[in-house]
Amino acid sequence: MESSMKRKSKTPWFFVSVCMLPALGLAFYFILWPTVQVLWLSFTNARTLTYHSADFIGLENYTYMFGDRRFIQALQNTLKLLAAAPVITIVNALLLAFMVTQSKLRERGFYRTVFFFPSILSLTVIGVIWSFVFHPTMGLLNGFLGFMGAGEFTRAWAAEPTTAIWTIAVAFIWQSAGYFMVIHVAAIDGISTEVYEAATIDGAGPVRKLFSITLPLIKDIVGITFIFAVSGILDSSFALSSVMTNGGPNGASTVLLMYIYNQGIRNGQFGYAMAITAFTLVMAVCLALISRFITSRQEG
Amino acid sequence: MKKLFAILMAAMLTAVIFAGCGGSAPEAPAPAPAAPAESAPEAPAAPAEAETQELNLAIFEGGFGPAFWNEVVNTFGAEHPEITVNLQISPNIGDVIRPNIVAGNPPDFWNGTDNDQTGILEALIRDRGLLDLTDVFNGPQYDSDAPLRDKIIDGALESLKCSPYGDGRVYIAPGGVYPMALVYNTALFAEQGWDLPVTWDDFFALGDKAKELDIALFTYQGQYPGYWDGVLPSALASALGSDYAKIENLEPGIWMDPRTVAVMEQFEKIYTGGYLMPGTVGLNHTDSQAAQMMNRALFIPNGPWMEDEMKDAERAPGYRFGLAPSPAMSQGAPRYVNTGLGQFSIPAAAANPEAAKLFLRYLYTDEMIAKYAELNSEVAATKNAGELARPFLTEDIYGFFNVFSLPGAANINIGFASVPEGSRIVLSDELWNPLSDLFSGRMTAIQYCEHMDGIYQAIADGQ
Numbered sequence: 122m123e124s125s126m127k128r129k130s131k132t133p134w135f136f137v138s139v140c141m142l143p144a145l146g147l148a149f150y151f152i153l154w155p156t157v158q159v160l161w162l163s164f165t166n167a168r169t170l171t172y173h174s175a176d177f178i179g180l181e182n183y184t185y186m187f188g189d190r191r192f193i194q195a196l197q198n199t200l201k202l203l204a205a206a207p208v209i210t211i212v213n214a215l216l217l218a219f220m221v222t223q224s225k226l227r228e229r230g231f232y233r234t235v236f237f238f239p240s241i242l243s244l245t246v247i248g249v250i251w252s253f254v255f256h257p258t259m260g261l262l263n264g265f266l267g268f269m270g271a272g273e274f275t276r277a278w279a280a281e282p283t284t285a286i287w288t289i290a291v292a293f294i295w296q297s298a299g300y301f302m303v304i305h306v307a308a309i310d311g312i313s314t315e316v317y318e319a320a321t322i323d324g325a326g327p328v329r330k331l332f333s334i335t336l337p338l339i340k341d342i343v344g345i346t347f348i349f350a351v352s353g354i355l356d357s358s359f360a361l362s363s364v365m366t367n368g369g370p371n372g373a374s375t376v377l378l379m380y381i382y383n384q385g386i387r388n389g390q391f392g393y394a395m396a397i398t399a400f401t402l403v404m405a406v407c408l409a410l411i412s413r414f415i416t417s418r419q420e421g
Numbered sequence: 333m334k335k336l337f338a339i340l341m342a343a344m345l346t347a348v349i350f351a352g353c354g355g356s357a358p359e360a361p362a363p364a365p366a367a368p369a370e371s372a373p374e375a376p377a378a379p380a381e382a383e384t385q386e387l388n389l390a391i392f393e394g395g396f397g398p399a400f401w402n403e404v405v406n407t408f409g410a411e412h413p414e415i416t417v418n419l420q421i422s423p424n425i426g427d428v429i430r431p432n433i434v435a436g437n438p439p440d441f442w443n444g445t446d447n448d449q450t451g452i453l454e455a456l457i458r459d460r461g462l463l464d465l466t467d468v469f470n471g472p473q474y475d476s477d478a479p480l481r482d483k484i485i486d487g488a489l490e491s492l493k494c495s496p497y498g499d500g501r502v503y504i505a506p507g508g509v510y511p512m513a514l515v516y517n518t519a520l521f522a523e524q525g526w527d528l529p530v531t532w533d534d535f536f537a538l539g540d541k542a543k544e545l546d547i548a549l550f551t552y553q554g555q556y557p558g559y560w561d562g563v564l565p566s567a568l569a570s571a572l573g574s575d576y577a578k579i580e581n582l583e584p585g586i587w588m589d590p591r592t593v594a595v596m597e598q599f600e601k602i603y604t605g606g607y608l609m610p611g612t613v614g615l616n617h618t619d620s621q622a623a624q625m626m627n628r629a630l631f632i633p634n635g636p637w638m639e640d641e642m643k644d645a646e647r648a649p650g651y652r653f654g655l656a657p658s659p660a661m662s663q664g665a666p667r668y669v670n671t672g673l674g675q676f677s678i679p680a681a682a683a684n685p686e687a688a689k690l691f692l693r694y695l696y697t698d699e700m701i702a703k704y705a706e707l708n709s710e711v712a713a714t715k716n717a718g719e720l721a722r723p724f725l726t727e728d729i730y731g732f733f734n735v736f737s738l739p740g741a742a743n744i745n746i747g748f749a750s751v752p753e754g755s756r757i758v759l760s761d762e763l764w765n766p767l768s769d770l771f772s773g774r775m776t777a778i779q780y781c782e783h784m785d786g787i788y789q790a791i792a793d794g795q
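Quick note, the sequences are listed as chains A and B, same order.
Counting the first sequence from 1 gives a position; this note's numbering is that position plus 121.
Counting the second sequence from 1 gives a position; this note's numbering is that position plus 332.
Just chain B, with the same shape it has in the complex (with noise of 0.2 angstroms):
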């Protein structure tokens, strides 16, 4: 008897330990039955939208919080009584929906970070996993007729970042814009009477002049080499014109031609001219962030974030935040502001597209616009955004957004080509580590260039 009683015991030990070990992979919610019809007689709705449909967002949580989620998802809830919206919001929201996207159980509309660091949006758009877009662009808007693509800024749709194989099909939605260059004290070129540099040369000149006032030049977030894509993308536009698009389509050549090699020169002579704050490639982003507003160099590359984040930072008396610019080659050519956009995405695996395409479309619902300013202090992807957002925004951040006003500044939306499938080579990577090196005298800007043309021949050779 004891015996049994003790086998027993030890098989239920058993069960129930693997009954936590169960391990199917999370199912798609399974959708709900439709409201049988003598259940509501008198509703005198069509059948389809009498179905209570799931609509699951994954969300990137940025340091305003949940708030305008919260507010779109009980907006657009109560318009929608027929859908459930379920929110997952996170910082790191893309390592959280990760496990489901690689069990086949994505999401049915997310929203990354703009330069998304976990790889979710690189491998959605490499093995073709996101949902085309297009026909909500072309569509009408959610409360008027006329399209939707009318209302989104100029050059976006047609970005690599929006349409990643240049196709012209959308596959990306532009969530906020974020005009990334060179952040710089505005209240300390006032007290000194410089002008902001048009060309290179001046940039040294005024590199000069700042030399006498014991501030260097410029300085980076030294450790995390990747906000240069604020800034050396814009350089290579504007000495490359046309030709710029064949850095973004990835094709071997382009690194070596001239115009390239001569832009790399003038990030060169950043660090050969004794430009750069010293210490600089040991710094992290926040320290590199306030030794800019210490004045300890006059410019950095960042964008309209830096307020906010760097909010409680010690600064110089009277700091205020402005934007310039990257120097061009030469006097009249466009000196380009890379405007990151942020994302909003729907896998192509998605269990209820159609009421994520609903709910994208009433994200650009002129309301939404005004409330993503107001409690996300963003300013979304369409043309009167910024009027919408200007009262919820800073005097210096509505600025950033102004930059484009000043002479010869151009507007441009940076995305590179995906790496082929099967490709190994990390792109960003290879694009800005290497910068480490060359603002630490160990690589010349030709050795940068060759590097570079040596990955684009690789990925071109399918490695």
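Bound-form chain A, shown alone (with noise of 0.2 angstroms):
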């Protein structure tokens, strides 16, 4: 009787350690190995040819990288995307979903699907299409402004180092808010009605309960969704920029990604690339911690 209580209580360690192991050998093989690689590698000097001959070179690459002009342009534009699309993208996100879960509407259904169908659109589609939208010549933009008697505010507006990379954050908070929407109407829904109905009896407008009741109880996943909006336009903003302004005119929407494809790729600089990379990773982890930091201590 004893015994057969202790072999209940007893984890199988072993078995579970082995069904681990393919998982574990598989993130080390794909995601650790290749890290280890990218910070190993950005201390050399690797080209394309050189890759398995290359000298240490210490932090070359990067007390280069800080007096690189090319690399600081590239660098606000991450920046600038960073500070403005993200935090545009959630807000919008968040009125869709409370539009499609609060209101009234007969069609919520409908617009919660169109809303969602851009993300599920590829993002050179999204690309060209908003290249269509901001045409110098026969954009949808410049024709509404004409249309609309402003013929003054017209401009090639991806062409223009004021408006180019602003074109890049429009298509992302397009292509990105229906998605965000659609994991926010999930927390939404886990929400009591009850919290609602009793809101509803005190006298609490709309917007009332989506300050006082919503978005406190949602916090955390919009803090989620904010890092994942963060990760999202560090690494779509490539795509789109490639599409709709290659990078263009001069730099003035050339993100970081695209800056690490051109010294990694075009220009065979292995061992730069990896060290605009390692600045990247570090960049984007602590985005994420200051993100995470401030959540909690909201909540707390």
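Hints listed in this document are in silico derivations from the structure and should not be mistaken for laboratory results.
Any given hint could be a false lead.
[As the list claims (entries may be wrong)] Partial chain B-side listing against chain A, Cβ under 10 angstroms, derived:
1) Ile433
2) Thr450
3) Gly451
4) Leu456
5) Leu463
6) Gly554
7) Gly606
8) Asp619
9) Ala749
10) Ser755
11) Val758
12) Leu767
13) Ser772
14) Ile791
15) Gln795
On a predicted model such as this, the values are computed, not experimentally measured, just so you know.
Cβ coordinates follow ideal geometry from the N, Cα and C atoms, glycine included.
Two chains, two separate frames, one set of hints: put the complex together.
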């Protein structure tokens, strides 16, 4: 009897370990090991043909990086996107989610599908669509401005250094707000209807409900979607910039990932590209930690 | 028993997954063993010829598909049964072969695009990864004893494009030729009775006439300022004469030469004088080309591929393609057309360089030159290619190759020296991208020259 109790309580550590091995092995081989290689290469002068015989050059890539005008420009462009796009995306996603869950519109289900639709399109398609919106001569935006009698505001949106990077932000927000909306909708659906009913009895309007009930109760999910949006813009900006502006004019919409590609692939400077990659990785991790810190502090 | 079974299953699962992750670099095809002498006692061939060899080709697939390369592989294979030719052809061939090159297992022969955007050619040049082909060109032609060099168009082998280290050694064999300059609508010029501009003053005077018809003088492929290689270097070469070599050899100081600045001021005037088609900087290549074909602009920098690339585009009634050289600073100065050269090369680490060299010589036979024109619509870089290709070219495109018959028109093969090993500067980006600012009024000609001078200085300083 005693021995059978003992057997029952015993966790099958050996079996669990063996079952975890494939997952751990894959994670090590495809995530951890490449990351270690990135860090190692960033301290070398590896190039296309010297990948296997690269020399260790210490911090030279990093010191050059902070004096490289093109890197600074790409970093500034990326920071501009990071500062604006995730916040606007999440605010939009929240408003849309609130609308499709709380409003009494009969077409709610239809809107839910329509808003989600852009996130199933490929980024290339989205880039092409928005290129036509911002097209200098036959673009929808310039056409609309002209129609409204605001012809003096028309411009080559994707070709001017002040606006090029924001065309990418707009395309990203349009593409991803619907996706985050769905996550927020799921979170809102998890809130008990009784809470809303009680608030209604107490005389709370839709705005009050949004700020006093919905937002505090789904804050954790909003924090997580914000991190997704940050990593999303880092990732998507390369594809959108490649399609919509080709990084131009004169680097005004070149983002970090595009500069990594230019240096690593087009220029064959693996070592230098990996230094920029390592920098981007550290930056992304720091941003994620800061976001989590802010969210958890509010929770506390 | 159950436990043992579970462990075995888990172990097998692990093994299966890791079997797919074998990380060893792809290995070079092992040389096929020589046929044993006794297996073919009657064969009179020398033992070396009896060996089967592999020749791996990596080929860029252009708009005309693989027809030409399939034909070459078949005919070459029929003449050389001892060589097994493996054809790898893709529109993204650079990206396809990059991992093999990095792993030290390059193809035996590769043909990239003219302006290889993948960086493979640039990397192979910078890191001395190409085989010296000088002996191929000094040696006999495939089907005659005359040196192959004599068959190639003048100036090509000596250009930095084919001889990238400027030491007279050929590392890149010239493929197709593409005269690049200012494309215009010959029908419009004939209708209006306009002459092609010779000097920059003529150019702008023509622009004033075109303005009266609501036609801009000029447009270019806004988002892709790399197309400027068809015009800007030619204009600089005309003004700088022999000193133009300093531009290609990345010598500091040449961009601040008053003659260089004067040329750049002409380009600046295209914007400041209102000669640029509105919206140009925001257009991509097909949009800007379509606009030019609708007579919204007189000139656009381009080459002979434009006709095929735009074959489905709407165009002004009667539109005909024509090519005009870059204007010169003064009457009598040469007006250059940059003849771009496609490239064939053999990586230094190729497993079978001798077969690749034989294949390269075969490509320059008259039969293959004619096939090149017939199936790939390209004119090879040989002196007789124009006539061999004549039956297969449209009248307009034949006119592109005939551009040198214009008075004062001269050929130049533009090619920039490779930036030194370890340089992190992307020269093409620094050369072309700031032109977007020049053509938007955000940068002046002198600022552009200062920028380029700074870049040349940084390269000289080893950055």
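Task: Hints the structure fails to honour - done: Result: hints 5, 7, 9, 14 break, sorted rising.
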